[in-house]
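Student: Position chain B against the provided structure of chain A, taking the given hints into account.
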Amino acid sequence: MIKKTDNLNKNKIISRRLFVLVAAKIGLLGIVTSRLYNLQISEKQKYEVLSDKNRIREWKTPPQRGIITDYFNNVIADNQRVYQVHLSLEEVSNFNNSIFKLKNIISLKDDEIKKIYEKKEKSKPWDTLIISENLSWNEFSKLNLYLHELDGAKPVLSTSRYYPYSNDLVHVVGYVGDATTQDIQNKKKIEENFVPGLKVGKIGIENSKDSDLIGNHGTKRYEVNASGKKISEISYNKETQGENLRTTIDLEIQQLAQKLLKNQAGSICVMDIYTGEVITMASSPTYDPNKFTHGISTKDWNEIKNNKLRPLLNKSLAGLYSPGSTIKPLVALAALEYGIIDTKFKVNCKGHDHPYELYGERYHCWKKNGHGWMSMRNAIKQSCDIYFYEVARLLGVDKLSLIAKRYGLGSKVLEDFFSEEKKGIVPSTKWKKQVLEQSWYLGETVITGIGQGYIQTTPLQLCLMTAQLANGGYKIKPNLIYDKEINLDTIKSKIEIEKNKSVSQNILKDHEFKYYERLYRNPNNLKFVLDAMYGSTNEQFGTSFRSRHKEDKYKFAGKTGTSQVKRITDQDRELDLDLEEIEYKSRDHALFIAFAPYDKPRYSLSILIEHGGSGSKAAAPLANKLIKKILDRHELREKIRKDLKNIA
Amino acid sequence: MILSTSLNSTSYSFIDKLKAVDYFLIIIVAIIGSISVFSIYSTESGNFSFYTKNHLTRFLVFFFMFLVLSFVRVSFWYRQAYIFYIIGILLLLLVIFFGISASGSKRWINFFIMNLQPSELMKIAIIVCFARYYHRIQSSDIQSYKYLLQPIILLLIPCYLVITQPDLGTAILIAGSGLAIIWLAGLNLKYFIYSGLILLVSLPFVISILKPYQKSRILTFFNPDRDPLGAGYQIIQSKIAIGSGGLLGKGFLQGTQSYLEFLPEKHTDFIFTLFSEEFGFVGSMVLILLYVLLIYRIIKIGFSSRSFFAKLYCYGFASALFLYIFVNIAMVVGLLPIVGAPLPIMSYGGSSMLSIMLGLGIVMSCKIYSRDPIGN
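For the protein sequence lines, the chains are A and B, in the order given.
Take 1 as the starting number for the first sequence in the numbering used here and just add one per residue.
Take 1001 as the starting number for the second sequence in the numbering used here and just add one per residue.
What the hints contain is simulated information worked out from the structure, not anything from laboratory work.
Accuracy of the hints is not assured; some may be wrong.
[Stated by the list, open to error] If you want the footprint, here are the derived chain B segments under chain A, 3+ residues with CB under 8 Å:
no.	segment
1	1175-1184
2	1201-1208
3	1270-1284
4	1330-1342
Note that the structure is predicted; figures quoted are calculated from it, not measured.
For each residue, glycine too, the CB sits at the ideal point set by N, CA and C.
Excised from the complex, chain A in its bound form:
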């Protein structure tokens, strides 16, 4: 215990010291107070003059958005010169009068005037209002003529976004619109560079890459007089343009894809099977992004929104479809990899009179008269359902799910690049227990084997799956923006190393794969499946035989798919209606996946036609034209690749 006397002593010291401290505080407080008195009372006049009579005004000048091009440097999102009229509120003596005069010079509609008044309510007396964003040259020249009568009105040359290939790329590039409060709060770059009238990306690349594209605003400082008129410019910190972006898209192929999809709802995706570059990502129907730049009219908006074919949905990555028979190569591969069956395994398909039966449930093949005895190659080629019911039953859904996920199903292809991208569903017993809280039925396994039931995929996932099969079974990194880090030669040499590596023990277990790592156990299994796909397109009785290319250099391999949107009843089977006789919403989705050229694969594609009927009739024929175009442009693309590499 400390002595009592010391405690007293300590107490005394602390109190004395506190006293000194308080005295010092009072002194400092005195200084601050006298300073405030000095500023606010004695020199008030001086500062009032500084504040009111001769203020410095700051104007932010809008940043310039970066340009977006396709792989071949064709501009797909441009900046266009526009004529605008702004109104500096400080210089306006009578607002109503000014608007009235302006209305007579440039044609302003009543609802536009209403909006201007609303905007004025929200703005501060020193703000500048944008009266019209996009004047015609006639209006602009007329405005200049009458300018002396319009106090505060300023003709302004500005730039705005313009999409030269309007409808063709909207699902990739997106569009811009006025920044909302939310946009400003969510993105720091927007907050920092906000100016009234700033356009920001709403969807697509414009949205995902907004922070790179936006650029930095400029700052102009003026000295202004009491009435707000500019006296002199003090400084001008020039605005800068945002980064220019090169996408991996090939404009010509994209345009062809959109043309092929015209008047139908659907999607076409094309990918480089090594670099993962998305060459085309078409979705139909489309709409014009230019309409959004200056605010879309209610009529146009309703037209887009109420279209039954849903143009706003980016079907390539946000549309979910049962993959149908396009899953069969993967089912076969999974069964071979796990050694469940070998390629000689046979099943007899006996037609609708003798369907596949399991616990009293009956499962039919699409072919009425049956395929007869089918081996694996034939079953893929002719797309026999009975065969795959049996293979799926033997394989089990969990093994199938594992291989399906490995080749790209069930996860976002472009990761978080597009907020609207969907993951889809690759069902497993665990999934069903967790999500639906039910146990799995064997019957569900059976239909998963032909890509029906719970399984849901996006067309882009099917394209990635095809790519990763066609490149020999290596994981690739899909991308939409040109990335100099992704180099074809490096990838090929990485794959070469992987190929010769001894296969890891847990290759058949659930396992995170790195990019360009091998995904398969036995290369012969992949070869077999790819060969069966070749048969499907290039041999008689193959489901896409009629869409083949006879010329060697265009030869491709593919797999059709027809995905049911509703259960086929016995009555439907009996009626066997033609496509035109079925109600649109009940028609099957048509699918096709392919890779080309067959002997040295380089590109993969997926085609989906919503309610198009059968895959071999509606989807596969489009591949024929598409693949010719893709391969014709191959040389040119490789040349650009080389040039870009040399720059880097």
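Tutor: Chain B alone, transformed into the frame defined by chain A:
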């Protein structure tokens, strides 16, 4: 010693505790808090949006926390003082590795609900830590080198960590708070004079290691017209805003200077500028008076506390609070260089609000448990 604490600990009924609460202090804090919400509202030109909403929520949450903390026994803070300090240091180290960078400095850690600025927490930790340190030392021992060296090391570690973030303003405030307690504990005046002289001599060296922007701020302070559009702009415009406020100010939401975008930190460091422009000399005096009353109440609580820990803590916290307020106001009226120091409670910023309310909570627990002897 801890044993004796538990033996001597007095029991308090809940009614006793409620009676012991300093309601006057709570009211003052509530008034300053309300003024701050209206000021932030004014920085958003009268829109109840992002900053105002955030500030209001933070004030209410931390104000509630302050009330709850008041009922934590003061001996708890005494016992955990060093732990508190160590947590502060660990968080500062964490900033180095996992910190978030903004405008050139790395000060924050993302804690999901908020971005925590550990240096703000350190401001309180250093006071608690030193109060405990000097609680036990006999007055005759204080001058010995051992007891001189230890606190200096304890003080230099956080200051160094904060300066390198870089955040000169907060480092100065931490150092100031620590020195205030060392002074109160009775360290001989000569040491203060010596170290003052050393600082003066080493000033050229210190300036040479400062970051360019810090240097320019200090040079600008001595001559604002050196670069009227760059570094001096803030000081000049802040002075114009305050000066043009006059006796009674331009009125709520009527400030014309403060809206200008050249005050990028109008809702944080320059909140006083905005307040002073809109409410004039009279308003500023009222606000300062409120702060003076707050500090007075804290000193009073220290005065009636039995333990040295409580005394040293209250006096130390009161001095620190004064220092924060003085540095901030002196800065915006052009008496000190712009170093980046928030005005307690008024400025927008969660960490600053958190640390002030935490500090006040401990003060209140000193009041409620004033009879606790804490092992004396």
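Student: All hints, please: hold or fail.
Tutor: Consistency of the hints with the structure:
1. 1175-1184: Answer holds; 3 residues pass the 8 Å Cβ test.
2. 1201-1208: violated (count 0)
3. 1270-1284: holds (count 4)
4. 1330-1342: With 4 residues close enough to chain A, the hint holds.
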